[in-house]
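Visitor: Residues per chain, in single letters:
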Amino acid sequence: MLNSSIDHLKDPEPILIANKVTKHYGERIGCEDVSFSLWPGEVLGIVGESGSGKSTLLRCLAGIDRPTSGEILFRHNDKPISLFDIPEPTRRKLMRTEWGIVHQNPRDGLRMDVSAGGNVGERLMDRGDRHYGKIRASALDWLTRVEISEDRIDDRPRQFSGGMQQRLQIARVLVPEPRLVFMDEPTGGLDVSVQARLLDLLRVLVRDLGIAAVIVTHDLAVARLLTDRLMVMKGGYVVEEGLTDQVLDDPHHAYTQLLTSAVLAA
Amino acid sequence: MTTMLKAEGLTKQFVLHNQNSVTLPVFAEVSFSVDQGEAVILHGQSGVGKSTLLRILYGNYRPTKGHVHVRHGDAFIDIVTATPRRVLEARRKSIGFVSQFLRVIPRVKAIDIVKDPMLARGVADDEATRRASDMLARLNLPERLWNLAPSTFSGGEQQRVNIARSFVDPSPILLLDEPTASLDAANRDVVVDLIAEARQNGSAIIGIFHDEAVRDRVATRRLDLTAYKAAA
Ligand SMILES: Nc1ncnc2c1ncn2[C@@H]1O[C@H](COP(=O)(O)OP(=O)(O)OP(=O)(O)O)[C@@H](O)[C@H]1O
Ligand SMILES: Nc1ncnc2c1ncn2[C@@H]1O[C@H](COP(=O)(O)OP(=O)(O)OP(=O)(O)O)[C@@H](O)[C@H]1O
Ligand SMILES: [Mg+2]
Ligand SMILES: [Mg+2]
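Top line first, the protein sequences correspond to chains A and B.
When the first sequence is numbered by this note's numbering, its final residue is 273 and no position is left out of the sequence of numbers.
When the second sequence is numbered by this note's numbering, its final residue is 568 and no position is left out of the sequence of numbers.
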């Protein structure tokens, strides 16, 4: 009688579906047979040791590298499109307008010779905004949200500290209000207090904008704070997945148990 | 009576792969159900598996066998087999977990921590602020602390922030793992009152309390886990 009858709770469609995604580099496995679905508003974490295939998988998902086999479906205009079956220019346009990529090294995501305001404003122009005053106001608003003070708007990123560069990159990625964001070690290389601010910022932005995100991190505390679900990778394979707190508190796979016991109170 | 939670044949063993794959059986075939307005207290000596059971009910631990049907509106969700997003939805609206420890989020103010679950449920910001303030005041948290992040608070202060967060808009099902541990008598009394109020408002409560006096004041029923202890 209690057989769960939850049919009336209607699900939206997943925004991203990975179907047996595999990437080989010659003989070497990058990632192997990875499948999952991601829904709007959900944050998926990918953890695992160095070389386990996290970045490889992320680059396939984000449309940067073509998988050796498998497919990636992105929901666009209410229907799933297969990311690597569409023409390159169409894929590039989607990458610019519908999703965003936060790189570990802010230099890979910023235009270093363009002002902070320009780095953010440029993305609005990509989106089709043309009104200079509005673009500047919106850029300013975003710089404030990532806690870069107004009087730095005309400075170039190379005049910023690493933490400021990373915050600027995040503003640049989020300003067009993407539906899906990919991040590879977004807080790597930053000192702990800067990390804490950045994490709090990301947490609030992801929640307020309701965006879906895939975050690669080797830091289980970061995963705990930012993600709803977790995939644990080893040797290119996903060895365990589930709710983040479940995977971290009651790990079943030998490798996950090792990973969680190596860290105190993640 | 309205059934709020039904546990079916819950069995748990831990397998410690990195310690010679030793298997640690905790309990077997635990079944019970809890109605609206009940407060079921879990019993049994240290290590019998009280916290483990409570975590399974919340979906934090995965049982080796069995199901947990949780009322979600007018339907039931099986926490054990539901998708992660469904479990999160149940946690947002239908089932809450309170331990004595606050999970501090860097830089978030105490009052915002208390407001957060209300906002997630769609309560207006000013109403959430008012109710959060009332609750923090009731738990005797000095007002000068409300706008600070609790990372520097004492253990007892953090604990009260956690309790305020959980009782300001109590979930229909509340799981309590020693929420009064290390509180002084006055604050413990407040918590006992909050539990009674939640129950009277229809919440179902499943809790662990080491303090016998608190147990007597809170319980409507007891469940002794000793009987389910799995053979090692
Ligand atoms: N372009 C490439 N050519 C050849 N092999 C590659 C290439 N990129 C990655 N690999 C290999 O694929 C495997 C997975 O690498 P990947 O960069 O995805 O690991 P990762 O999990 O991101 O590690 P880290 O935590 O160190 O960043 C590794 O064995 C790596 O050497
Ligand atoms: N994540 C875990 N991994 C491995 N073993 C665990 C885990 N959590 C609990 N256990 C084990 O399960 C058994 C039951 O522990 P549990 O914390 O549920 O006991 P308890 O009844 O709550 O005890 P207490 O009254 O001391 O809090 C213990 O042997 C404990 O070591
Ligand atoms: Mg990498
Ligand atoms: Mg316990």
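Derived by calculation from the structure, the hints in this document are not laboratory data.
Any given hint might turn out to be false.
What the hints assert, rightly or not - No more than 25 Å apart at the CA atoms, straight line, and that leaves these computed lysine to any residue pairs for SDA-like:
1. A:Lys86 with B:His353
2. A:Lys27 with B:Pro420
3. A:Lys241 with B:Lys445
4. A:Lys27 with B:Thr417
5. A:Lys86 with B:Ile441
6. B:Lys445 with A:Ala228
7. A:Lys141 with A:Gly116
8. A:Lys86 with B:Asn356
9. A:Lys86 with B:Lys429
10. A:Lys27 with B:Lys445
11. B:Lys445 with A:Leu216
12. A:Lys241 with B:Asn356
13. B:Lys429 with A:Asp207
14. A:Lys241 with B:Thr400
15. B:Lys445 with A:Arg214
16. B:Lys429 with A:Glu20
17. B:Lys445 with A:Ile160
18. B:Lys429 with A:Leu232
19. B:Lys429 with A:Trp46
20. B:Lys445 with A:Thr151
21. B:Lys445 with A:Glu20
22. A:Lys86 with B:Thr400
23. A:Lys86 with A:Arg165
24. A:Lys241 with B:Lys429
25. B:Lys429 with A:Asp215
Keep in mind that this is a model prediction, so the values were computed, not measured.
Visitor: So, for every hint listed, does it hold in this structure?
Guide: Quick rundown of the hints versus the structure:
{"no.": "1", "hint": "A:Lys86 with B:His353", "in the structure": "violated, 43 Å"}
{"no.": "2", "hint": "A:Lys27 with B:Pro420", "in the structure": "holds, 20 Å"}
{"no.": "3", "hint": "A:Lys241 with B:Lys445", "in the structure": "violated, 38 Å"}
{"no.": "4", "hint": "A:Lys27 with B:Thr417", "in the structure": "holds, 23 Å"}
{"no.": "5", "hint": "A:Lys86 with B:Ile441", "in the structure": "violated, 37 Å"}
{"no.": "6", "hint": "B:Lys445 with A:Ala228", "in the structure": "holds, 19 Å"}
{"no.": "7", "hint": "A:Lys141 with A:Gly116", "in the structure": "holds, 23 Å"}
{"no.": "8", "hint": "A:Lys86 with B:Asn356", "in the structure": "violated, 49 Å"}
{"no.": "9", "hint": "A:Lys86 with B:Lys429", "in the structure": "violated, 30 Å"}
{"no.": "10", "hint": "A:Lys27 with B:Lys445", "in the structure": "violated, 43 Å"}
{"no.": "11", "hint": "B:Lys445 with A:Leu216", "in the structure": "holds, 21 Å"}
{"no.": "12", "hint": "A:Lys241 with B:Asn356", "in the structure": "holds, 21 Å"}
{"no.": "13", "hint": "B:Lys429 with A:Asp207", "in the structure": "holds, 24 Å"}
{"no.": "14", "hint": "A:Lys241 with B:Thr400", "in the structure": "holds, 24 Å"}
{"no.": "15", "hint": "B:Lys445 with A:Arg214", "in the structure": "holds, 17 Å"}
{"no.": "16", "hint": "B:Lys429 with A:Glu20", "in the structure": "holds, 21 Å"}
{"no.": "17", "hint": "B:Lys445 with A:Ile160", "in the structure": "violated, 29 Å"}
{"no.": "18", "hint": "B:Lys429 with A:Leu232", "in the structure": "holds, 20 Å"}
{"no.": "19", "hint": "B:Lys429 with A:Trp46", "in the structure": "holds, 19 Å"}
{"no.": "20", "hint": "B:Lys445 with A:Thr151", "in the structure": "holds, 20 Å"}
{"no.": "21", "hint": "B:Lys445 with A:Glu20", "in the structure": "violated, 35 Å"}
{"no.": "22", "hint": "A:Lys86 with B:Thr400", "in the structure": "violated, 38 Å"}
{"no.": "23", "hint": "A:Lys86 with A:Arg165", "in the structure": "violated, 41 Å"}
{"no.": "24", "hint": "A:Lys241 with B:Lys429", "in the structure": "violated, 35 Å"}
{"no.": "25", "hint": "B:Lys429 with A:Asp215", "in the structure": "holds, 18 Å"}
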